[in-house]
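Trainee: Using the sequences plus the hints, can you model the full thing?
There are 4 protein chains.
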Amino acid sequence: MLEAALAVFTEHTYDGTAMPLVADRAGAAVGTIYRHFPSKQALVNAVFQHWKRLMLEYLARGARPDEPVRAEFGRIWSALRAFATDHPTAFAFLEHQQHEGYLDAESTALAEQATALATDLVVRGQRGGQIRAGDPAVLVALVYGAFVGLSKAIRAGTVVGEDEFAAAERAVWDLLRAPDRPRQRTP
Amino acid sequence: MLEAALAVFTEHTYDGTAMPLVADRAGAAVGTIYRHFPSKQALVNAVFQHWKRLMLEYLARGARPDEPVRAEFGRIWSALRAFATDHPTAFAFLEHQQHEGYLDAESTALAEQATALATDLVVRGQRGGQIRAGDPAVLVALVYGAFVGLSKAIRAGTVVGEDEFAAAERAVWDLLRAPDRPRQRTP
Amino acid sequence: MLEAALAVFTEHTYDGTAMPLVADRAGAAVGTIYRHFPSKQALVNAVFQHWKRLMLEYLARGARPDEPVRAEFGRIWSALRAFATDHPTAFAFLEHQQHEGYLDAESTALAEQATALATDLVVRGQRGGQIRAGDPAVLVALVYGAFVGLSKAIRAGTVVGEDEFAAAERAVWDLLRAPDRPRQRTP
Amino acid sequence: MLEAALAVFTEHTYDGTAMPLVADRAGAAVGTIYRHFPSKQALVNAVFQHWKRLMLEYLARGARPDEPVRAEFGRIWSALRAFATDHPTAFAFLEHQQHEGYLDAESTALAEQATALATDLVVRGQRGGQIRAGDPAVLVALVYGAFVGLSKAIRAGTVVGEDEFAAAERAVWDLLRAPDRPRQRTP
DNA sequence: AATGAATGAGCATTCATTCAT
DNA sequence: GATGAATGAATGCTCATTCAT
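Top line first, the protein sequences correspond to chains A, B, C and D. Residue numbering for the first sequence follows my numbering, beginning at 1 and increasing consecutively. Residue numbering for the second sequence follows my numbering, beginning at 1001 and increasing consecutively. Residue numbering for the third sequence follows my numbering, beginning at 2001 and increasing consecutively. Residue numbering for the fourth sequence follows my numbering, beginning at 3001 and increasing consecutively.
It cannot be assumed that every hint is accurate.
Claimed, not checked - Within a straight-line C-alpha distance of at most 27 Å, the following computed DSSO-like cross-link-like pairs (lysine-lysine) qualify:
#1 A:K52 <-> A:K40
#2 A:K40 <-> B:K1040
#3 A:K152 <-> B:K1152
Note that these hints are calculated values from the structure, not bench results.
Mentor: As structure tokens, this is what we get:
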């Protein structure tokens, strides 16, 4: 049922989705949905939380304490990629802007958890000199934005192979990583 | 009226926006909107086209033929920044995903025009060796995505000063630019 | 303008007709109609009265006092025919049932005038023995109904030539005329 | 619900009838109507077909093969009378002109079926010499028109008793029947 | 627990009418 | 006098939600 709701919400927007449509897709009756979720809003939030949690699991998977920042970035990038590949609809749904209107506190908290994870990485990288200086929030925004842009392009039809994806990862790391000292000084 | 429509569409989604709401915001009656636009869909498209065109103007502004690629990137970045600063709501509206359902051919064409502009820059940069190899569509997706991510953060409350913005520009250029040869070879 | 109103009211029903449509057809602006008629209802009534009056003129035309009943019937039949031929749209409009909702007192009075004229003929014919006995209202209803049915068929596409029309007139007169005494009694 | 729809459509015209009005009359909510009929147009057609079919049943009732034409006419007349008496609103509804705009193919076919039935009778009567010569369509139009005119009068308040009705039937048969030969020749 | 018919507020859109130009 | 843009109530229709089965 969460599956069905995810599909139609992603296809039609929250406001553009009629409950009967969700029911049809789920192969259940409207009334049945209301037995499990008190309202449409509760349903989207359940959907959001379900997949955001799964995404967080992907991100946490294989994490090692004291992992080098560069490697951690690579692992996170791969995790995002895996999630977006395994659950493309879910990823599309999660990244849609304008969830603001109907997301509840728990959903918002979950979303922030993902951001916190990324911010933490950036901060550690900055401390260790591997990641360039500047507001971590800005860097996270740029990097996550880049990833979202890429996924959007993929969903829109751009074919991105294994190599291409790895190249993209390196490109984004170049966005993040501290510039070489010599380069900065010499004209 | 385009102003009012922009505001409410951005706040509430296309489907989430009721025409009376547009009317209220415009300080006009519902019927009046229908004198100017035959339907809600025509209205969003008018809004989309109006601001997309303005954005294209910003991007074209100050362009010089034979401008070096690095400089051109900087100018485009500044143009985007200027547009997003001057018309934050419009920028938010334009970058919303899921426009697909209701945009007409002309709107889509306009959107592609902007992408073409960016792709063109990337291709030229690749030919000249300033921009890294790879599918230009992927690079454009990453870069535009990064910019969108940044604007989203700004709209969400992150304060980004002049310096910070310039730093972000350099970071994104690092995403784009061809890596230094020596760095790749030496351990 | 009455012409235009007649046309659209006949094509679309009173309720189904929008004032802008009347305006378009009349080649005038909507406001202009309201300069001449205070409301849509006033307009239909003007239309109704205009053509009902004309129809009454047709019926009165060529009337002779002390004309034999049979001849008078023929003349009235021809008058109806002439009116329905000269102003087919007007005839169609006038004969539409369900005028009740919006016709005012004067329109109703005019309609009754036509009925009175026919009833008077029937009563005189009954007194003179040329027209069969029975409630004159019933006979008038049958005869006028027959004429309306015929016009409807014509408007629907049935082609009715001069001879056919004369034959129809004789048939309807047979409906009206007193049956021959001998026929009733002798087998 | 068909009952309620019939009532309001007959009182107010198709275009003049608002769906909430139908709902009120049916003692149901607007949405409920739309569970049973996909649109207002579908509703009128359902109403039309329901009663037109019933009327056809009335007409078919008691038909005998090889029934003499005169008797068949009487039976049909009685059937019409019975239908118009049992279902006066339905009869009024069915006979309103200008159904053209919204009736669908099936409704139209049903209407033609009734006409065909009458035309068939006339043709047989003409072959047997009982019914006067001439375009059967014209005769059917006159006769059905006469019946409609009568019903209209009745609905408008004219009281028509059993005898009166039988007399009307004879009068209309006189419209239809072939004139006596002798009458035509002798002065 | 599941169903889906019923509800009525709400939506996009139209239309009679007004009124500044 | 004529115009047609503006108005907002009303229309056909949809949809989140309820509830008897």
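Trainee: Each hint should be assessed against the structure and marked as holding or not.
Mentor: Hint check:
1. Taking the CA atoms of K52 (chain A) and K40 (chain A), the gap is near 18 Å; set against the 27 Å cutoff, the hint holds.
2. For the hint pairing K40 (chain A) with K1040 (chain B), the CA-to-CA distance comes to about 24 Å; that is within 27 Å, so the pair holds.
3. Our distance criterion of 27 Å between C-alpha atoms is met by K152 (chain A) and K1152 (chain B), whose separation comes to about 16 Å.
Comparing the model with each earlier hint shows no violations; every hint is respected.
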